[in-house]
Amino acid sequence: MGVFGPDRRALALAGAALLVTGVLAGCGGDAVPEASEPPATRSMPPATAGAEPGSAPLPTALTSQRPDWQRCEAPRGGRAPGSDWRCATVEVPLDYAKPAGRTIGIALIRKEARDQGRRLGSMLFNFGGPGGSGVGILPAAASSYGKLNSRYDLVGFDPRGVAASSGVRCRTDKEQDTTHSTVDMTPDTAAEEAAFVSDSAAFGAGCLRRSGAILPHVGTANAARDMDVIRHVLGDDKLTYFGMSYGTELGATYAHLFPRNVGRTVLDAAVDPTADSVGHARNQTAGFQRALENYLKDRGQDPEAGTRRIARLLQRIDGSPLPTSSGRKLSESLAITGIVIPLYSESSWPSLTAALDEAERSGTGDGLLELADAYNGRDEDGRYDTQSHSQRAISCADTRARSTADEARALLPGLRELSPVFGPFLAWDTAGWCARWPVEGEYDTPEVSAPGAGPILVIGTTGDPATPYEGARKMADELGEGVGVMVTNRGEGHGAYGESGCVTSTVDDYFLDGEVPADGRTCS
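With mature numbering (1 follows the signal peptide of the UniProt record, and there is no 0) as the guide, the letters of the sequence shown map in order to residues -25 to -1, 1 to 499.
Quick caveat, the hints were computed from the structure, so don't treat them as lab data. The reader is advised that the hints may include incorrect statements.
[To be verified] As a list, the in silico SDA-like pairs of lysine to any residue whose alpha-carbon atoms are at most 20 Å apart:
#1 Lys304 <-> Val158
#2 Lys149 <-> Arg377
#3 Lys304 <-> Asp293
#4 Lys449 <-> Thr463
#5 Lys122 <-> Gly96
#6 Lys122 <-> Gly92
#7 Lys304 <-> Asn269
[Stated by the list, open to error] Here are the computed distance ranges between Cβ atoms for each label pair:
#8 Ala72 <-> Arg283: 46 to 56 Å
#9 Arg46 <-> Asp488: 26 to 36 Å
#10 Gly495 <-> Arg54: 21 to 31 Å
Think of the CB as a built atom: it goes at the ideal place given N, C-alpha and C, for glycine as much as any other residue.
Build the full structure now, drawing on both the sequences and the hints.
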């Protein structure tokens, strides 16, 4: 879904520190496990977990395993989660076409239900991305799910290719710094275009060189198959699932592949499953511009005049990057990223005001650079997390789209008209995202129809910038009649649970008591 695909809702859930310092809690540190042979057979009965109807069942060696829950280790530079949390690893096939072949480990983290006498089962989370570490985010965000934790075990996981689950790595921290500071993501000349495309191709080559064994197998469909293995080894007949942002696409893909295994499922900040890469760029251009205009109105500014002012600021930065107290320069690309992240949550709008005021009045870029670093997963020591690596690897494994510079250039007028601030960035992103990617993509758009599945709550927020509201309605429709249940949240920000009292109570009633709201319910 392009550069604005990662879900940074964790900023609202767990505070800015989660983004600035990277992963706060892990399972096994930063090690990237290699593919291994299948584990020894254990004593549980065989099952068809991870295998769609009509396909070969997985080996008993996989379906009979049980997680060995241990105290979680602290990641590099972070702290281990509290004593209530336990970590484990579940083995899954590297290649589901060869289920008896090599395996990889999927990292899990769990906090058991407080009321074991009334326990309903496990609730699996995905916070988005693709590339977000559930092992890292869930402990920091868990206070938002306290009511659900009364009767559910909260379970997070790192999807394949992410963090502790054979995480994809594509370049060094120094190489990432160089790209952010020197490569123009909105090229204006032939030389800048050539450097932009060359850097994108180099990123893919780095992924192949460092993570070639897993790179062809990190797509969303395989992650959904892994979720069914997780469901089975946790001992649940059906999967109870809470997905946000990209996690809605993952959950809907699971529902398509395993409709009979779908339990209570909520998809918050739903992705538009009918949009291809160009469609996502167009949707996000409109969505972020709408959020920017809402922000400007809230500050008592004229939206058109405010947009023009910010666009002129970006043009000046493009010609002359702003100095910062760290000695690093704020490039136009970093400035755009810094503007984007506060738009994910209305509570972060004041930080955008402060950063823009500094850039315009003082001519320095510390505020916008700090925000951009938070989005890019860069800490104060110059170390990056690998979410951006995993995000691109998963996205490019999914989509067949390989847009060219000529195609991106053709998009420019239309997207610039939608938003002079975000349009050029997102138009060029279509060409840079999967340029010369070394692995073929699986589809143009994901298949999410789920006939036979139970009701799935689909939540869309009218002011959502990253996954615009219109896409949620399309997700509900594509899931199918009697499956997709639409809930509208009239508000701002990316994701509604924990932000809207009405949405939160609706979701809690559904998960805890099985109360399905009327399709089309609106929360204000």
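Tested hints:
| no. | hint | in the structure |
| --- | --- | --- |
| 1 | Lys304 <-> Val158 | holds (12 Å) |
| 2 | Lys149 <-> Arg377 | violated (27 Å) |
| 3 | Lys304 <-> Asp293 | holds (11 Å) |
| 4 | Lys449 <-> Thr463 | holds (13 Å) |
| 5 | Lys122 <-> Gly96 | holds (14 Å) |
| 6 | Lys122 <-> Gly92 | holds (15 Å) |
| 7 | Lys304 <-> Asn269 | violated (29 Å) |
| 8 | Ala72 <-> Arg283: 46 to 56 Å | holds (53 Å) |
| 9 | Arg46 <-> Asp488: 26 to 36 Å | holds (34 Å) |
| 10 | Gly495 <-> Arg54: 21 to 31 Å | violated (44 Å) |
Checked against the numbered hints above, the structure violates hints 2, 7, 10; every other hint is satisfied.
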